[in-house]
Structures are given as structure tokens and as C-alpha cells.
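Protein chains in written order, with the numbering used here: chain D, 1 to 653; chain A, 1 to 653.
These aren't lab readings, by the way, just hints derived from the structure by calculation.
Each hint should be verified, as a subset may be incorrect.
List of simulated lysine-lysine pairs, DSBU-like, C-alpha gap at most 30 Å [stated by the list, open to error]:
| # | chain 1 | residue 1 | chain 2 | residue 2 |
| --- | --- | --- | --- | --- |
| 1 | D | Lys364 | A | Lys338 |
| 2 | D | Lys620 | A | Lys10 |
| 3 | D | Lys112 | A | Lys511 |
| 4 | D | Lys31 | A | Lys642 |
| 5 | A | Lys245 | D | Lys93 |
| 6 | D | Lys10 | D | Lys364 |
| 7 | A | Lys407 | D | Lys245 |
| 8 | A | Lys289 | D | Lys119 |
| 9 | D | Lys299 | A | Lys436 |
| 10 | A | Lys482 | D | Lys112 |
| 11 | D | Lys504 | A | Lys112 |
| 12 | A | Lys286 | A | Lys330 |
| 13 | A | Lys482 | A | Lys340 |
| 14 | A | Lys407 | D | Lys330 |
| 15 | A | Lys616 | D | Lys10 |
| 16 | A | Lys338 | D | Lys177 |
| 17 | A | Lys511 | A | Lys486 |
| 18 | D | Lys338 | A | Lys616 |
| 19 | D | Lys185 | A | Lys503 |
| 20 | A | Lys299 | D | Lys616 |
| 21 | A | Lys330 | D | Lys330 |
| 22 | D | Lys286 | D | Lys233 |
| 23 | A | Lys482 | A | Lys299 |
| 24 | D | Lys119 | A | Lys233 |
| 25 | D | Lys437 | A | Lys299 |
| 26 | A | Lys93 | A | Lys112 |
| 27 | D | Lys182 | A | Lys177 |
| 28 | D | Lys437 | A | Lys556 |
| 29 | D | Lys185 | A | Lys177 |
| 30 | D | Lys557 | A | Lys119 |
| 31 | A | Lys486 | D | Lys437 |
| 32 | A | Lys289 | A | Lys364 |
| 33 | D | Lys566 | A | Lys616 |
| 34 | D | Lys31 | A | Lys443 |
| 35 | A | Lys244 | A | Lys182 |
| 36 | D | Lys286 | D | Lys557 |
| 37 | D | Lys508 | A | Lys93 |
| 38 | D | Lys508 | D | Lys556 |
| 39 | A | Lys93 | D | Lys579 |
Quick caveat, the model's predicted, so the values are computed rather than measured.
Protein chains: 2
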Amino acid sequence: MRKIFRDVLKLEEAIERIYKFYRPIPSYEDKYLLEAVGRVLAEDVFAPIDVPPFDRATMDGYACRAEDTFRADEVNPISLNVTALMEAGVEPKVTIRSGEAVEIATGAVIPKGANAVVKVEDVRTRGDRIEVIRPVNIGENVMFAGSDIMRGELLVRVGTILTHREIGLLAACGINKVKVYKKPKVAVISTGNELVQVGERLTNGKIYDINSYSLSAAIIENGGDPILLGIAKDNREDLLKKLKKGLELADIVVTSGSTSAGAGDLMYKVLDEWEPGVIIHGIAVKPGKPTIVAICDNKLVIGLPGYPTSALTIFELIVAPIIRELSGIKTERRQILKAKLAVKVFSSEGRRELLPVSVVSSAKGYSVYPVTGAYSGSITSLAFSDGFIEIPEDTIMVQSDQEVEVKLYSKLKPSDLIIIGSHCIGIDLILSLMRKKNKFLSKVINVGSTGGILAIKRGEADIAGTHLLDESGEYNLPIIRKYNVKNAVLVKGYLREQGLVTKKGNPKGIKSFEDLIRSDVTFINRNKGSGTRVLIDLNLRKLAEKLNQSFDELIKKICGYEIEAKTHTSVAVAVATGKADVGVAIKSVANLYGLDFIPVRSEEYDFLIARDSLDKEHVKLFIETLTSQEFAKVVEEMGGIKIYERTGEKILV
Amino acid sequence: MRKIFRDVLKLEEAIERIYKFYRPIPSYEDKYLLEAVGRVLAEDVFAPIDVPPFDRATMDGYACRAEDTFRADEVNPISLNVTALMEAGVEPKVTIRSGEAVEIATGAVIPKGANAVVKVEDVRTRGDRIEVIRPVNIGENVMFAGSDIMRGELLVRVGTILTHREIGLLAACGINKVKVYKKPKVAVISTGNELVQVGERLTNGKIYDINSYSLSAAIIENGGDPILLGIAKDNREDLLKKLKKGLELADIVVTSGSTSAGAGDLMYKVLDEWEPGVIIHGIAVKPGKPTIVAICDNKLVIGLPGYPTSALTIFELIVAPIIRELSGIKTERRQILKAKLAVKVFSSEGRRELLPVSVVSSAKGYSVYPVTGAYSGSITSLAFSDGFIEIPEDTIMVQSDQEVEVKLYSKLKPSDLIIIGSHCIGIDLILSLMRKKNKFLSKVINVGSTGGILAIKRGEADIAGTHLLDESGEYNLPIIRKYNVKNAVLVKGYLREQGLVTKKGNPKGIKSFEDLIRSDVTFINRNKGSGTRVLIDLNLRKLAEKLNQSFDELIKKICGYEIEAKTHTSVAVAVATGKADVGVAIKSVANLYGLDFIPVRSEEYDFLIARDSLDKEHVKLFIETLTSQEFAKVVEEMGGIKIYERTGEKILV
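Chain D with its partners taken away, still in its complex shape:
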């Protein structure tokens, strides 16, 4: 009776079980030196020759017997007979006797009998003779054979990743081919009837095959050689055909999709046609639970879930280490960073959660922001994050300020400029103008005006865009002071025209906020904490008052009030594509998307800048660009953003 593995395993148990059934066995290949750059050496290499291979002059001068020069000085020079000239690369035919010397070039062979080189500046030439005016010691200005590398010496150890430094050592010994670990071949199969190959036309109901590409790229990054087998339809025949091809061509097969119970267990059933077939079915990790591992034809097949983030998470945890082992790369533990959570995070019980986060640093250490992809189907949540934190199986909430360990996807890129706060197209424009002058790395985290102010207060950001209206009718300063931010300066930005945006021609005839409660009108809201949301709610409160209703009553009537877009652009796109009839956004974005615009109010969009950051090159360039003619011209052409007399004004908060 065959064993059936249907229990959901913890990650560690899963890895243990894989190694019980499967041993990664690397293979090797010979490569010419320059093809071997970045590859892993598969054997100890010993020096076949001495380097240098002969006693070599390290200076231009005269090779002679040091003993002859011992009494030389300026007043009593020693005269030597120059018998020959030794150039580099020439085999010496002379032997030096006492009283003799040869003129010698750097790199040339020290002739027999000679044991030192007198530098050219310590000699006066007199026809065929020289006068030595300073003594040399035995061995002076001579690099002895084998003094750099001795024949038989261990030159490069097995397991070394070959860089220009090892390549230099090998070249020095004349070695032009080395044995390196062969890149393991990994077949990649995506499954699903809804998938369309990247580059082809998307028809309704279909989505692009992300996993084939992101997994292949990850395979390359881990030292493997991906073989794209394309998309298998959701049926036994097609999947079987591709699996067999993968097992024939590759060392490991990675599939994605068709692993969850809902897919009719297709992958499970097909992989179980082999012996032993499926050895793992389900791992208690979020995202990525419906993972299948099988052994088919003695090769490892990993059935990853279909969602891109789930697939990549499991790839990183399980597949990458095996590829690295086969590639000869000593598996380094992912770089770990201690950080504090900037916000509170909820998790689900019973599964280990790997939460993608964005990391920013402050004087007090690192802070992390969860990268919020609302769904595990999200690809952006992974792409826009620096790493992930693990939330244990038994934890349902992690408090803000709690210390966490971030496992970084790659070396943390130091950002030259960190902007956290409200999103504005003006920031995108300033950054793109700056980029024309200067390359730099920036990190822009859109968390709304309030989030930005708090990030500045905690010292996490250089700049926060903010447009928060106080009840007094004043923008930004009163609220910044309410949050008691001390370490910053407010730089006045520009005026933005906010308004209601509708499709071209305003087909629903929207005039004011009052139209939002119409049953034939769908609204798209903005996220809580954003300045625009404050403006929306302020207007809706006024409306409620006018209609003599409670605010809560009013918003229940607005279709779409609960749907929150994160940026102005998102609102514009929602309206442009007909997902919503109306939203609130800035005029410049409305113009970009060819939308109609009903002005609501002109707001002051300002920049709260950390005092410590004011001297930073890219912060200075940011302010310079904000106040530049060029920026004024660009925003004027676009419309909706207006430079005014206060632009660039600095206010201590």
C-alpha cells in the first residue's frame, strides 16, 4: 500500500521530508576563464608553476653582484663593466661575474651570477661602464621566482565564487579552463486556462502568465538555468505532457497553479501517477499553503500555488536553497535586520505569515511599513517591498513599535531620498526633473498626509507631502503642531486644485457633492488619513448638516463610499474606465486622463522636511527643483498645480 501524504506540514517539517526523499547532487563543467566569472569553482586548484617563474627585475637599472657594490658611495663609486642589455621577455644568455653588470629593464630575467639590481638613478654612466654610487643588498629590486605564488600552492579553494581576483590568480599560472558547478536546469510550467503568454494579446477573462517569468528570473538569480515550458491547460493530458518534458530536460521541475483543492486537485493527481509521487501536500505558511512536493523519476517536482506572491514566497523558502546547493553557492541565510513596526498589523491564527514590508531607517534604527496588497493575488505587494517579517502561527496581532526581524530580499538599497506621506503628481514631476540632473535612489511610500507627519516625527522620512485642512481653515501648520513635531521645517509647496472628476462630457451631470447620494451614481473614495479624504468628509459633513441628516446616515447612501483608492491617479483611472462615475482628485490628474473637473477648493500642498535632512544633497535638489522655473513651466502646462508667492517659503514648525 502506498503512503499518502495529506497532512499540512510546518515549514521545517516540509524541508526535512524533502531531504528524506531527495538529495541534491551537483554536476560540473569546464569553462574558460572569462566564462567562469561569477561561477562556483568545483575543485581545489593548485599552482602548476612559480609566479614569477624566474627571478625578475622590479626596477629599471643594472643587474650585478650585490657584493661588488658594498663599498660604493658618491665619493668612491664602484665601476662596473656593462656587458649586455636585458630586455623583458628575453632569455638571458650572459652570466655576470664580479666587476660586471647588465643593463636591465623592469620585468626582465636576472641573469645568472647577478643577485641584485642597482636602480638607474644610483648609477652614473661612463660609456660601456657604469659607476655605482650607492650599495645594494642581495635581493634588492629583485622579485624571486615563486615569491608571489609557489608551485604546488593551493591557489583557489573549491566552493569559491570566482571574481576578478581569483581569475587573476588563475591567469597568473596560465590556467585558462576551470571546473565549475554546472547551473542546474529548472523547468518552469504555469498552469491555468486563464493564462495568456506575456507579449500576446489579452482577451476578456484572461490574465498574463506572471509566474513563468518571475520564477525564471528568481531561478537565474539563484544560480540556476530556467527552461520555460509555457502554459499547461487545466487538464491531465496537457499537464502530463509538459511534466514529462520537464523531467526529461531539467534537474528540477517547478510548476505553479492548479494546486488548491478547488482546482479539482489536478496537480496532485497527476504527480501521484509517479512513484513515490506526492510527498507533501500543504504547508502551513501564509501565503503559499497549497504547495505540493513530489518525487517523479527521482527528480524533484514542486507544485507552487498560482498566486504570484504565494508562488514566490514558497520558491524562496523551499526551491531557492536547493538550486543554490546544486549551483555550489553556499547557502547564506537571508540578511536579517532588526526593525520596529511603524503600524499595527493583524494576522491569522494557525499559519505562519510572511508579510512583505518596506524598510526605512532613522537614527533610532529601522522601521518597517507593511506593503499592503489587499490580496495574496497581488504582485505589487512583493515588488514594492524590501523584505518580509514572519508572524508566528499563534499571533493574531503585532503592535506598532514592536521589534521585528526583517528578512531582506536583497541588500537593502540605501535611499538617497525618502518621501513618506501624501501622494501628489507634483512629487512625481519633481523627482523626474531631478533625475535628469542626477541619478539617485528614492523611496516613495504613500501613506497619506497624517502618516507622513508621523514618519517625519519618528525620523524615518526626509520629506512628507501634506495637505491637511484644519477646522480653522488653515492648511498643514496647525495639524503638524498638534502632532507636536519639533524636528522639522515646513516648506510651502504649491496650490492644488481639488475637485470632483467625471468622465469626459460629465454624462451623469454631476455638479456637487449632493449628486453623490443619487442611486445611479457610483463614487470612488480615497483612503483614510489622506488629505483628500479629509476634504471629502469635510464637504460631506457640510452636506449632511444642510440635509439635516447624520453623517453616518448620509454616507450609507453613497454607493462606493467604502471603496478606497490610494492615489489621485487610481481615482482618475477608476473614473476613466467607468468603474466609478465620480471621485475627488486634483485637476492635473483629471487633465492627464481627459476627465471633466468640477472645482471644489484650492488647497495648499506643502512639504514637511526633517531638519536633519535639510543638508542632504537630494533634499536640497528637491527644494531647488520645487522653486525652479522649469517646474513652474511644467505644472503650468499640465494645469491644476500652481506655483505662488509662498512656494519655497520655509517655516519652523
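With chain D's structure known, arrange chain A on it following the hints.
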């Protein structure tokens, strides 16, 4: 009149002058997604579509109007009519009205009229109908079109190095080609009549062309595409021909050799045939002073010095940043590490010195050991170092314990095992046996027994090999106690037979140390601080006493006493190749090189192990291997090293 640049410039001045004459202008190319992995994106990429492109079910279940389910519970289920089945990848043809639902698979399109999905487990099926037992909210289990990526959104910024994460984003939008920075082509020319191409036979007086390979590898590592043009002879015609070819094929030309005044200024003269030609001739950096920079046909030509370490140093300082700029890689400053010098270092005045160092870490921070290549011609000094320290122009000595800044060549590899101290072939054997069981990174720094004891005391090493004879006649323990080492354990190693080694057949008839003072005998010594040196001097002192001479008088008579080899192997090779007639080394090495061996004394070679390291996996494995049958067998076969009853004994020091 043309300007002549013959002043030696400081590094910063040199870089400034290059940028006055030359602006790196990148070019671009289109690449398919997987070819673009690791490349730098050359333009902002915006999302051409929404992701997902339609409202999508995130669960298997039933799509319906959420409003229909609002009153559903276990007792009062809501009955809906199932009108169709929606599979993933299929365009929906139905519209959902109140009272209706469609069965829907994860990933399928939400049909018109539906706004939520009831999970399969919240439903009881009754033929063509379902009973919903739990209400759903609008939008529940639905991933809205564009909620992951909105059309028009900035997807990946210009300048981003493309990893699997960005590749995933691009694939999600169906983008299969992107514009990336083209790898700049860099022509590589080596010059010198003494050079032989790697892989060919070396004749007398010739050396292998190292620079073509190490520079090409470094070009690859910095994002460039090397074009090897091979070796130019030291004459105008040949050099001119290769330079013209380089200027024709490449964006930058890098040469090495023929730059110093002694080479007849060949490179200078040839490069000055262009206009403006040479713009820099000499940079005040050690190593690397004779560097030439020229502008020829509006392209940059850099004439590096011929010595490998000099060439690579200047490449890293001047050429690499330009290649990186052309490759679109934001020039990151080299990672800097604060460390303390483990030993005193001397430097020369007037030039900035870049000294290669090996880094080890301890609880108190990092310590660095200079990697001593006696000559700037040395390739090993660079290859065996982790980075370099800069010694300013006006400094002639840096004290040990002085804080220094190490610029790392690459990410510092954490070593699983650090061995600092006396060199022994036994250590090499243990490591190679360990490697059969386990891959690990080790760092072996040979500084002699005394250096090893101090390294353990400072907490820098895991293990120090030591064989120091005290005046009492006892090995190791008395001297370790003299150094007041507290944090370590002495693990007894093995007996090593030390003796005089001579060529096979002992042609000079050497019998004892007394033969060393013969004028026809050349000796090779060992480095100060090594246990073998202690043994040599002990024997020479006895001899001096016997001959009734002072020690100083005696050693003056020994030809070669001043020449110090760093390892037993070096001594053996020197004797085997006839560079010396006699040296002191261990029997195992003499056997390996087929030398005659005259026993001097059997010494106790032990391992001082840091107490904190005793629990380390690889330290445990080291001790295990030392005491293993396998090791005993290997050393017995080799001869000269003997396991005895004390091997493996642990002594608190």
C-alpha cells in the same frame, strides 16, 4: 601650442580632469524580459493595463448580488437559482439578477450584476439551487480590476536593476520587452614583450598575461562587456594597431603596461598622437602611480600600470565608476567597515597608499591584517585580501590598534572558521577532510605561532596553530601563559618532525646547522615569530656558543639568513628549485617535494582554541577530524606528522 600634462595629480584632481574632458553617455537597447534580469532599466515604465484586468473571484464559490444575502443565516438560508458555471479564463455571457447566482472558480470573471462571491463552504447545494447560510458584503472575495496595478501607474522607475520582482510586475502587464542600459564595450589591451597568452606554453623569460583576464573579469562585474584584444608588443606599430582597433570596437579602451618612464614612455607617446591625447600622466597613488589617461577620437583611453595589483587598484578607483555610470548602475560607494589594525604598518610619504588587508571580526569589532605581498608586482596580495585601507600622503606609520576604515572589495564573507597562526600542512589536510563532509568558508591567515596566540587573545580567531618552544623545553603552554591568554583552551595536536631539508641526494653533504656557515651553502630562513624560526635561532645560538662566537657574528656568515619564507612549503620549493641549498621544514613537506631530510627535533604542534568558539559547528568538526582515524591514516601515509596519545587532549590555559 598644445597643452602638456606631466604633473602628477592627486586622485581627486585626476578624476576631476577626466570629467572635464569626457562625459560618459550611456546607450540603450531593447531586451526580452528574461534577458533583462540583472540589467538596469533605461526608462520609466507605466502600466498599460489594469491588473487584474477584470473583477476576479478570489475564492471558489458562487457569484451573486451581495444585497440578496444580507439576511442569510443557518436557520434562514437564502435560496438562489444557479444559472451557470464560470470557469477561469472564460468570458462571462450571463448577467446576474436578484435571486440568481453562478458557480464560480477562483480566478474567473465576476459576471455583470454580481458584486460578491459566497464561499463554497457557506452554501448548501440543492440541485440547481443553493442555500446561502452566511451573508457577504459587497466586494467580498472579489479582487477588483486594477486593484493590484492601475493602468497608467508608474510600474518600474528608470535606473532600477531588474530582479525577479520587477520582472513579475512587467509580466503582469504583458510587457515582454524593455529598454535597458547597454553594457558599455571596453577594449582590453596588455602590452609587453614578456607576456604570453594564458593557455599557451611559457618559455624562459616570459610571464602570463594576467591583466587581460583580471581586468576583463572586473569589467564584467561592473556591468561592462570586455573585448579582449590580446597582447601588444612594446613597439609603436603594434600598440597603435591595437589601440585603433579598440577605439573602433569599444566605448572605452583600457591598456596595461608600458606606462612607466622606463618603458621609454611608449604608451605616452603613442596616445599623444591623438588630439587632445594624454590628459593625465601620473597619479599620486600607491600602487598605481604611472597611470596615463588620454582622450582619443573622443573616447577614453586609460593606460594602467603593468603590475596586476597596480592595474586593478587604478581600475577600481577610476575606470570602474565610469563603466558603472555607462551601465546605468548607480555608483555605490564601496562598503566601508571600521576596524582596528592588528599590527603596525609602515608607508611611504608623498603618495596615498592603498593597502590590501584581511578582515576578521571579534566581539570588540573588526581587526585587519595587512596582506603582505612584498612587491606591488604581487597578484596574491590582492586576491587574498577582503579590501584595502587608505594611508594618507603624509603618514609614514600607522600604529597597531589604530582605527582604520576598510573599503571592502565585495560583501564581507562571514567565515565559518578562522584560523590565524602558524602554517602547517596538517591544517590543510584537516580542512580538506572537513570539506568532504561539509561546505564551509574558512579564512586561514599565516602569521606564525606568536601572531596566532595574540589573535586568539584579541578574540579574532577560532583556532591558532602554534609550536613555540620555551626555554624550559616545554612546548606552547608556558608561552601562551606568558601572553596571559585566558579565553582559550589548548588542544594538543600532533608531533611534527622538523629538520634540515636539502635537495634529493643531499649534493652539498649537509649534516647539521654547522654546515650553514659554509660559503658554498645558501640557506633559506623562516619569518620572525614563526615557531620554526624560534627553533632555527635556538639551534644557531647553541652553535654560536659552541663556536665561541656571538650570535650576530654567526648569522652574518650564513648566506640567505635574511631571506624569509613564510611557510614550510615555500622553504621546500626554494630548496627543490635550487634557490637555496638548505632550509628548515617539516618532514611531511620534505616528502611531498622529494627532498632529503635531516631530523632536528620532534615538536608539539598544538591548537589554541578560543573558548567561545568551542561550540561552533566547524570548530567541533575540526577537533573531531584531528582525532579521527581518517586523519591519522592520511598523515601516516604522508610521513612527518604523528598522532600520539595526547592528540585531542584539552588543557585550560
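Here is how each hint holds up against the structure:
no. : hint                  : in the structure
1   : Lys364(D) / Lys338(A) : holds, 20 Å
2   : Lys620(D) / Lys10(A)  : holds, 29 Å
3   : Lys112(D) / Lys511(A) : holds, 28 Å
4   : Lys31(D) / Lys642(A)  : violated, 40 Å
5   : Lys245(A) / Lys93(D)  : violated, 36 Å
6   : Lys10(D) / Lys364(D)  : violated, 35 Å
7   : Lys407(A) / Lys245(D) : violated, 48 Å
8   : Lys289(A) / Lys119(D) : holds, 18 Å
9   : Lys299(D) / Lys436(A) : holds, 24 Å
10  : Lys482(A) / Lys112(D) : violated, 47 Å
11  : Lys504(D) / Lys112(A) : holds, 24 Å
12  : Lys286(A) / Lys330(A) : holds, 27 Å
13  : Lys482(A) / Lys340(A) : holds, 24 Å
14  : Lys407(A) / Lys330(D) : holds, 24 Å
15  : Lys616(A) / Lys10(D)  : holds, 27 Å
16  : Lys338(A) / Lys177(D) : violated, 38 Å
17  : Lys511(A) / Lys486(A) : violated, 42 Å
18  : Lys338(D) / Lys616(A) : holds, 23 Å
19  : Lys185(D) / Lys503(A) : violated, 51 Å
20  : Lys299(A) / Lys616(D) : violated, 34 Å
21  : Lys330(A) / Lys330(D) : holds, 28 Å
22  : Lys286(D) / Lys233(D) : holds, 26 Å
23  : Lys482(A) / Lys299(A) : violated, 63 Å
24  : Lys119(D) / Lys233(A) : holds, 25 Å
25  : Lys437(D) / Lys299(A) : holds, 22 Å
26  : Lys93(A) / Lys112(A)  : holds, 9 Å
27  : Lys182(D) / Lys177(A) : holds, 28 Å
28  : Lys437(D) / Lys556(A) : violated, 67 Å
29  : Lys185(D) / Lys177(A) : holds, 24 Å
30  : Lys557(D) / Lys119(A) : holds, 27 Å
31  : Lys486(A) / Lys437(D) : violated, 58 Å
32  : Lys289(A) / Lys364(A) : violated, 36 Å
33  : Lys566(D) / Lys616(A) : violated, 50 Å
34  : Lys31(D) / Lys443(A)  : holds, 26 Å
35  : Lys244(A) / Lys182(A) : holds, 22 Å
36  : Lys286(D) / Lys557(D) : violated, 37 Å
37  : Lys508(D) / Lys93(A)  : holds, 27 Å
38  : Lys508(D) / Lys556(D) : holds, 20 Å
39  : Lys93(A) / Lys579(D)  : holds, 19 Å
Hints 4, 5, 6, 7, 10, 16, 17, 19, 20, 23, 28, 31, 32, 33, 36 from the earlier list are contradicted by this structure; the remaining hints agree with it.
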